[in-house]
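Visitor: The chain contents come next:
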Amino acid sequence: MSDYVELSNLTKIYPTATGPAIIVNDFNLRIRKGEFVTLIGHSGCGKSTVLSMIAGLNDITGGGIILAGKELAGPGPDRGVVFQSPCLLPWMTAFQNVMLGVEQVFYTASREERRQIAEYYLTVVGLGEAMHKKPSDLSQGMRQRVGIARAFALKPKMLLLDEPFGMLDSLTRFELQQVLIELWRKNKITALMVTHDVDEALFLSDRIACMTNGPEAQIGDVLDVNFPRPRERKAVMEHPDYYRLREHLITFLEKQAHKNPPRESSPSSASIPDSNKPPKPTRRIQPKAETVEA
Amino acid sequence: MGFLELANVSKSFGDSPVLQNLNLSVEKGEFVAIVGFSGAGKTTLINLISGLLKPDSGTVTLNDLEIVSPGPDRGVVFQNYSLLPWLNVHENILLAVDQVFPNWTPVKKERHVEKYIAMVNLTEARNKKPSELSGGMRQRVSVARALAIDPQILLLDEPLSALDALTRSTLQNEISRIWQEDRKTVVLITNDPDEGIYLADRIIPLTAGPAATLGPSFKVQIRRPRDRKAINHDPNFRQLRREVIEFMLESQRGRHTAITKKLVLPDIEPEEPNPALLMFGTRPRRRNEVKEETVEVS
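For the record, the sequence lines run as chains A and B. Take any residue in the first sequence, count from 1 to its spot, add 70: that is its number in our numbering. Take any residue in the second sequence, count from 1 to its spot, add 1165: that is its number in our numbering.
Hints are supplied without guarantee of correctness; some may be wrong.
Simulated crosslink set (BS3-like; lysine-lysine; CA at most 27 Å straight-line) [what the hints assert, rightly or not]:
(1) K204/A - K1426/B
(2) K258/A - K225/A
(3) K1293/B - K1274/B
(4) K329/A - K1273/B
(5) K203/A - K1427/B
(6) K304/A - K1394/B
(7) K1426/B - K225/A
(8) K103/A - K140/A
(9) K204/A - K1427/B
(10) K1427/B - K225/A
(11) K1426/B - K258/A
(12) K325/A - K1394/B
(13) K1426/B - K203/A
(14) K1427/B - K258/A
(15) K304/A - K1384/B
(16) K1294/B - K1274/B
(17) K1293/B - K256/A
(18) K1294/B - K1273/B
(19) K1427/B - K256/A
Just so you know, the hints here were simulated from the structure itself, not pulled from any lab data.
Construct all of the structure, not just a fragment, from the sequences and the given hints.
Guide: Shown next as structure tokens:
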């Protein structure tokens, strides 16, 4: 099988006072090795829920996820996550924040080699001069650069990007997209990104899956994005297909917005995993019957 | 002489120059968008026009009068809404109307306030406090308040930056509709080139700071009402978008000084985290010897 990541009948149901809320229902997606796939949809449609289930930060109600031939259970360093807010430890410098993960997965390497790894990734994201500063001394954009460096430094099998540039202004976003795409090109890590930014999706992805509005979010259209790589913004925007695809995506999103007003807040905020607990090795496929009754 | 005129305006805070030699001329009834990076000095610029700050040199004039202090001839919409939390929608707007039109009868004031509440579609929520409103609704109150004092010019300081994408586009539609109804002179500050293109008659980039200045102005030749989907096949739109974005990114690039630095990335594969292995001190699985790479650092 050539699929590297396989989401099969992925389902997420939250119990609520008024009965179970089906957020994601029978979600299927296959990603090839080295592919960059984006899920696009409005806030609250459930796209971040899918991502956090892959990250292992959110329990799976039904279905399963396979990464590189193994079923996933719980979080692990084989998946690098870049969150919308970079979630850095405020009392540590950028360098120490990156080292924290590096020490976990490169514990057999020498101290010097670990330092080189952290320094390399912090430098290529543009923090060569600022890596010994604390998050409070860094701008929002620089903190997000640390988040990107931290994810790549672990050499994960898969990269998960949850609206990585959502909190940045649009011009800073352009710069960081360039940083991300260059690192990704060198490392060829299989990536899944969640965003609502049409231009971001087009610039970065090989394939864009449009998600319908929740509840019971599903994949609507899937678009192949064939701009040649390595990509450079100017060339991509001048590509004859660019504005055709852009219009297609905007039309899809507008239709979704009119069809169904999105919920006020998404319940996707993942619970912080307790690292002291051993990962649960059980398969999490539960009988569906109890959900259908609702 | 434009309706709003900035001539050689400079402003520094301490030793750091923020804005340098700004020149801007806005016609009456024109909608101008100023696009810039965060931290470039956009809010400083709005504060100079609103009179909350004074320039170190140069002059800001509105309708031939030099601006020296804040006044009700300029309505400002701030990014953080700036509503009084203990007053409801109606009271927040009435407060401004009371200040600016003290001689009106209560009935006239009342009718005036209701008109603007209706204009921003908040009639249902008129008795709610800001804490009971969503971000988008709060910003509508702020827009209604700014318009209710009937200012000569409306200053919008990143009014939609704090909102999610969907609410943002809904409010862009409303701002566009309201502007087409009463054609106020508007200066919009934004970090989003698309927002500028969608709303404005003219876009002027603010170069990246420090010592930011205004770039060339780009006329937006797209007919109104503008449609977010249809403009994608407008060649004017495509070209304008490319030019504005290129200019902005170029101005930022000029700020970086490229130094090259030699870096070493050990080519080691990560291990499964396993405390038991740690004790045996297993050697890393190396794929090949250390590779070296030269990286441009900015």
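Visitor: Taking the hints in turn, state whether each one holds.
Guide: Okay, the hints, checked on the actual structure:
About 22 Å separates the Cα atoms of K204/A and K1426/B, which keeps this hinted pair within 27 Å; it holds. Between K258/A and K225/A the CA atoms are separated by roughly 10 Å; this keeps the pair inside 27 Å, and the hint holds. Only pairs whose Cα atoms come within 27 Å are accepted, and K1293/B paired with K1274/B is accepted, the gap being roughly 19 Å. Between K329/A and K1273/B the alpha-carbon distance is near 40 Å, which puts this suggested pair outside the 27 Å criterion.
A threshold of 27 Å between alpha carbons decides the hint, and for K203/A with K1427/B the separation of about 21 Å falls inside it, so the pair holds. For the hint linking K304/A to K1394/B, the alpha-carbon distance of about 21 Å falls within 27 Å, and the restraint holds. Restraint check for K1426/B and K225/A: the C-alpha separation of about 22 Å stays at or below 27 Å, so the hint holds. Restraint check for K103/A and K140/A: satisfied, since their Cα atoms lie roughly 14 Å apart, inside the 27 Å limit.
Between K204/A and K1427/B the CA atoms are separated by roughly 24 Å; this keeps the pair inside 27 Å, and the hint holds. For the hint linking K1427/B to K225/A, the alpha-carbon distance of about 21 Å falls within 27 Å, and the restraint holds. Restraint check for K1426/B and K258/A: the C-alpha separation of about 24 Å stays at or below 27 Å, so the hint holds. Restraint check for K325/A and K1394/B: satisfied, since their Cα atoms lie roughly 11 Å apart, inside the 27 Å limit.
With a CA separation close to 19 Å, the supplied pair K1426/B and K203/A stays within the 27 Å bound. A C-alpha spacing of about 22 Å is found between K1427/B and K258/A, which places the hinted pair at or below 27 Å, so the restraint holds. Taking the CA atoms of K304/A and K1384/B, the gap is near 21 Å; set against the 27 Å cutoff, the hint holds. For the proposed pair K1294/B and K1274/B, the alpha carbon gap of about 20 Å is at most 27 Å, so the pair holds.
For the suggested pair K1293/B and K256/A, the alpha carbons sit about 53 Å apart, so the restraint of at most 27 Å is broken. Between K1294/B and K1273/B the alpha-carbon distance is near 23 Å, which keeps this suggested pair within the 27 Å criterion. Straight-line distance between C-alpha atoms of K1427/B and K256/A comes to about 17 Å, which keeps the hinted pair within the 27 Å bound.
Checked against the numbered hints given earlier, this structure breaks hints 4, 17; the rest are met.
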